[in-house]
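**Q** Each chain, letter by letter, is given below.
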Amino acid sequence: MMGGMSGLNEMDELYEAIILDHYRSPRNTAAVENPDIDLEVNNPFCGDEFHIQLKVDDCSISGVSITGRGCAISQASASLLAELVDGKSTEEVQAAVDCVRRLLKGEEISNEEADILGDIEALGGVRKFPVRIKCALLSWVGLDDGLKEHLA
Amino acid sequence: MMGGMSGLNEMDELYEAIILDHYRSPRNTAAVENPDIDLEVNNPFCGDEFHIQLKVDDCSISGVSITGRGCAISQASASLLAELVDGKSTEEVQAAVDCVRRLLKGEEISNEEADILGDIEALGGVRKFPVRIKCALLSWVGLDDGLKEHLA
Amino acid sequence: MSESTLSAGTRVFDPDAIRADFPILQRKIHGQELVYLDNAATTQKPKQVIKSLTDYYEQTNANVHRGVHTLSMEATNGYEVARTKVAKFINAPRSEEVIWTRNTSESLNLVAATWAEANISEGDNIVITAMEHHSNIVPWQQLAFKKGAEIRYLSHNDDGVINFVDASSVIDSRTKLVSVTHMSNVLGTINPVAKLAELAHDVGAVILVDAAQSVPHMPVDVQAIDADFLAFSAHKMLGPTGIGVLWGRLDLLEEMPPYMFGGDMILEVTYEGAKWNDLPYKFEAGTPNIADAFATGAAVDYLSDLGMENVWQHEQELTAYAMEQILSLDNVKVLGPQDSSQRGGVISFVHDTIHPHDLGTALDQQGIAIRTGHHCAMPLVRSYDVVAAARASFYIYNTRSEVDALVNGISETEGYFNR
Amino acid sequence: MSESTLSAGTRVFDPDAIRADFPILQRKIHGQELVYLDNAATTQKPKQVIKSLTDYYEQTNANVHRGVHTLSMEATNGYEVARTKVAKFINAPRSEEVIWTRNTSESLNLVAATWAEANISEGDNIVITAMEHHSNIVPWQQLAFKKGAEIRYLSHNDDGVINFVDASSVIDSRTKLVSVTHMSNVLGTINPVAKLAELAHDVGAVILVDAAQSVPHMPVDVQAIDADFLAFSAHKMLGPTGIGVLWGRLDLLEEMPPYMFGGDMILEVTYEGAKWNDLPYKFEAGTPNIADAFATGAAVDYLSDLGMENVWQHEQELTAYAMEQILSLDNVKVLGPQDSSQRGGVISFVHDTIHPHDLGTALDQQGIAIRTGHHCAMPLVRSYDVVAAARASFYIYNTRSEVDALVNGISETEGYFNR
Ligand SMILES: Cc1ncc(COP(=O)(O)O)c(C=O)c1O
Ligand SMILES: Cc1ncc(COP(=O)(O)O)c(C=O)c1O
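Residue numbers (the working numbering), protein chains in the order written: chain E, 1 to 152; chain F, 1001 to 1152; chain V, 2001 to 2419; chain L, 3001 to 3419.
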């Protein structure tokens, strides 16, 4: 018999328990009323698409919703993002986005940054699967663009 | 030393004495007065070009001139053609053109045909140098087209 | 085994012997044997094709068409011999009708920029199916947009079979071109192109057949299907990347303006203007892809030796088996004809809970290469209310045990994600 | 020998070692050693380049860009690595500026059909030189004809050097494009493209450099010469047939409409329309020539290891020697700069009594491959009042004794025809 389970264990880094948990039970999916930022992001190649809504008061995020469909990685990543931003200042969010970008590029991140990311560090497993990095980054890049436009 | 004469003897079939003779002293190059057929043929890839003039009286060729420039093969072939057609009936000329075509394609020609061609059979040496067949055919095809148009 | 007794070709269709010709099948992926099921994207190459490239570069390489030296004459000759092989393979009346392009996409763009540019006007329409590859949609959309012409879609039923009740009202007196895929690269559907050719010709339209997925897999005879243009890629039929074919009817090709200008396509240039060369060179500007033409000839030889009837029968048998196995899985839905006799060796499917992308990664861990995504047929895939699908596609070297590996791989993946 | 002590590359420039890399140089032609002097038409390939093709097809082959399986990821990666190598080779600021095409001719046609189509209007003019290859004449003639624009020719002196007194009146405020060859494939002239770029930019025009004969033979830095577009072919620089490059400035490429439609160049398609992908994919429709991109990377590696300064110096030395030898023949006239320091390794010549075609056949009998004809530069060749010329052109593996063989071969041919 060709194939076999053995190979699948190598995916454990990609599909850590925390990733599968967020994939199965995404956080912050309830629509935000009168959002200040409301946008769609998609990666047509994989068919991933997400709807991001943010409420921004005085440079801090007072409400967030991210919904959509995609692979386990893009969905878990979106959920982790939604969890992170809630209540943060826009500056903190932008720093976190930058940090995730570097994490996925395989660059070093500091201990403090790791603390800020928390569970999100689990996304780092995607580095060994370069073709999936886009999935992990999709909602982060979209939210970053939305914030920049909002703050401009 | 690379190269050397040895290789050149293999060209003897291409450049038979009769070919070199016609190349050096082309026949029937004096312009024809009031030609009935007057055309230019050329092969831009080699840069060969010939000017063909024919006087046709009652379906027979009463005057011919072929001038131009080209490689030894195309020039000799043009001169052999000019020599052949003089005084022939248009039918005989067309039969000869057909015969040369077949000769160069490597098809069999009959003994009678060989008699008609005479020296022209020397053109057959070009068969071993397929890239030069066009040179040998150039004026023949041109004259044939001209005749067809004239007779039509 | 019934396969090994077939012999319309000159060689017995023996899967083991065939597999031995493909060096890449020895590769290990994540420590597993490679199970290559991405043949609709591109096929693997037998050593005969690879060797034709090596031989060309080691013994013959030269530029073609104007050289008096031996290498150039040999290169020119081989280049034209390959064209003749292709012409014979699709039963083209004349080898000058075979134009070398880069790929199917360029073949389609060539027709759009020349024939269609000259023949389609405001108010005319171009008919395509709703199951086309992007390469057979976008050139026409752009042309229609530029000309004020209309794009019309032939619809298909739920099971991916063209709706002919519709077709005769869609194709009408303002239809100038019907451009359809012979076999869908997503649904696997084989379209009745001869019937569509009749509908097209009845209204004076021209029919272009996108044969990217048919010429590699079944006998295709341009005269029997009465096509006007036919496009395909060598890389999907054992040949090299970087070369494709446009076949066209001589009278159409002769009337068409050139596509690109330069090099071999020119007979004469002055500082003021230029005169075009004869067919097929009129459409081949610059130094052609000589080596890959040689290799395409080798690919055609390989397939001809096997016999396209046998290739087709092998794929039909394997597809029937694969459909049966895949449909037996609880959580998997197959797109396109459920009856395997109506389709070629392409099976697109979706899993109820596992996204195609995750499935693709998990199968890759098991050495199994499938494609996931929209397969360059976004509007079609979306019409099934999914954004992506997984696709397994077969070729001459695939076996039943590889199908078993795929089905087992899907089950293992379910196990993994449900852990 | 001074050559073997050079080493701006990482490898010593040793002609014997280089020759050993080229399998075809072992071939016998009419029983003689092959003396290949048709390098301006296409060059031979070292075993490293041939092996990169074999390796690709035996180990990596898959379609690129959307695959999640290992082979597809490796193919995608290698395809992009090759692009990066090319970018570095010509010192392009960014690798997305490097577009794979089929050859120089397609690169030129691409610019004509997109940038020029969008930016050139009635009354504008396009300036080219009187020594262009057909591929850099006819696309502009056709565009000018279509748009009501004017083609202007920069003239050159008798010895084939551009006349700059003229140039500043030819290039004027209505000039939109200056498209010039970096090195003439007939005269061997190296044109001062940086100076022409300045003249073009002074009037707000864009400059396209046809680098088909320069990138293979000398260091070319797109930023140093301040080019806007640059075109060349892999097959003239040790690489495979079927692949070429268009480099363009990012801002120009971003504004340009796509050339062909389909496959990878599309981001999104609906039944109504489409959205283009990012650079460089916007210009790469359909399955690309993946294998030949790998092989182009290998060719660039080979040349980089030698060092382009060394390649250039080798050819300069050999050309100087060849000019001296050929000019010493009584009945031979050389076209173009008589001063060999103003030219690259291309020598076109005519014999007083022997037609180039006959000379070509006679040299071939002696194993010597030269080109004869108009070299796709008909107007130029005719301007010298000849209809055809013979051309010897050199590359890294050519030697002085091959030049001797050529000169001896010409003398032998004289002897033969004067017998
Ligand atoms: C100066 C120049 N430009 C353009 C070309 C055309 O190159 P290709 O035939 O590879 O398109 C050539 C090749 O002969 C050339 O020498
Ligand atoms: C039906 C169909 N048409 C066209 C194409 C485009 O072929 P290529 O990428 O070789 O241009 C494909 C390949 O994916 C296809 O399957």
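For the record, the hints were derived by calculation from the structure and aren't laboratory data.
Please note: incorrect hints may appear among the correct ones.
What the hints assert, rightly or not - Label pairs and their computed distance ranges (CB to CB):
1) Asn2157/V to Asp12/E: 35 to 45 angstroms
2) Leu2025/V to Arg3011/L: 27 to 37 angstroms
3) Asp145/E to Val2081/V: 51 to 61 angstroms
4) Asn2157/V to Lys88/E: 47 to 57 angstroms
5) Asn1034/F to Asp3202/L: 54 to 64 angstroms
6) Leu151/E to Leu2025/V: 51 to 61 angstroms
7) Asn1034/F to Gly2273/V: 46 to 56 angstroms
8) Leu151/E to Gly3123/L: 39 to 49 angstroms
9) Asn2091/V to Glu3324/L: 51 to 61 angstroms
10) Thr3270/L to Lys2275/V: 36 to 46 angstroms
11) Thr3270/L to Ala31/E: 48 to 58 angstroms
12) Pro3257/L to Asn2091/V: 36 to 46 angstroms
13) Val3012/L to Arg127/E: 32 to 42 angstroms
Unchecked claim - Derived lysine-lysine pairs resembling DSSO-like cross-links, with alpha carbons at most 30 angstroms apart:
14) Lys3147/L to Lys1134/F
15) Lys1128/F to Lys2147/V
16) Lys3147/L to Lys1105/F
17) Lys3028/L to Lys2147/V
Note that beta-carbon positions come from the ideal geometry of N, C-alpha and C, so glycine has one too.
**Q** Compare the structure with each hint and give your call.
**A** Hints, verified against the model:
1. Asn2157/V to Asp12/E: 35 to 45 angstroms: Given range 35 to 45 angstroms: holds, Cβ gap about 43 angstroms.
2. Leu2025/V to Arg3011/L: 27 to 37 angstroms: holds, 36 angstroms
3. Asp145/E to Val2081/V: 51 to 61 angstroms: Holds, at about 55 angstroms.
4. Asn2157/V to Lys88/E: 47 to 57 angstroms: holds, 51 angstroms
5. Asn1034/F to Asp3202/L: 54 to 64 angstroms: Once the Cβ atoms are compared, 59 angstroms apart, the range 54 to 64 angstroms for Asp3202/L and Asn1034/F holds.
6. Leu151/E to Leu2025/V: 51 to 61 angstroms: Between Leu151/E and Leu2025/V, where Cβ atoms are some 55 angstroms apart, the hint holds.
7. Asn1034/F to Gly2273/V: 46 to 56 angstroms: violated, 32 angstroms
8. Leu151/E to Gly3123/L: 39 to 49 angstroms: Holds: the Cβ-Cβ distance is about 47 angstroms, inside 39 to 49 angstroms.
9. Asn2091/V to Glu3324/L: 51 to 61 angstroms: Check passed, 58 angstroms falls within 51 to 61 angstroms.
10. Thr3270/L to Lys2275/V: 36 to 46 angstroms: holds, 43 angstroms
11. Thr3270/L to Ala31/E: 48 to 58 angstroms: violated, 26 angstroms
12. Pro3257/L to Asn2091/V: 36 to 46 angstroms: holds, 38 angstroms
13. Val3012/L to Arg127/E: 32 to 42 angstroms: The hinted range 32 to 42 angstroms holds for Val3012/L and Arg127/E, with Cβ atoms some 40 angstroms apart.
14. Lys3147/L to Lys1134/F: violated, 38 angstroms
15. Lys1128/F to Lys2147/V: Given that 30 angstroms is the threshold and the Cα spacing comes to 53 angstroms, the pair is violated.
16. Lys3147/L to Lys1105/F: violated, 46 angstroms
17. Lys3028/L to Lys2147/V: Violated - the C-alpha atoms of Lys2147/V and Lys3028/L are around 57 angstroms apart, more than 30 angstroms.
Hints 7, 11, 14, 15, 16, 17, counting from the list given before, are not met by this structure.
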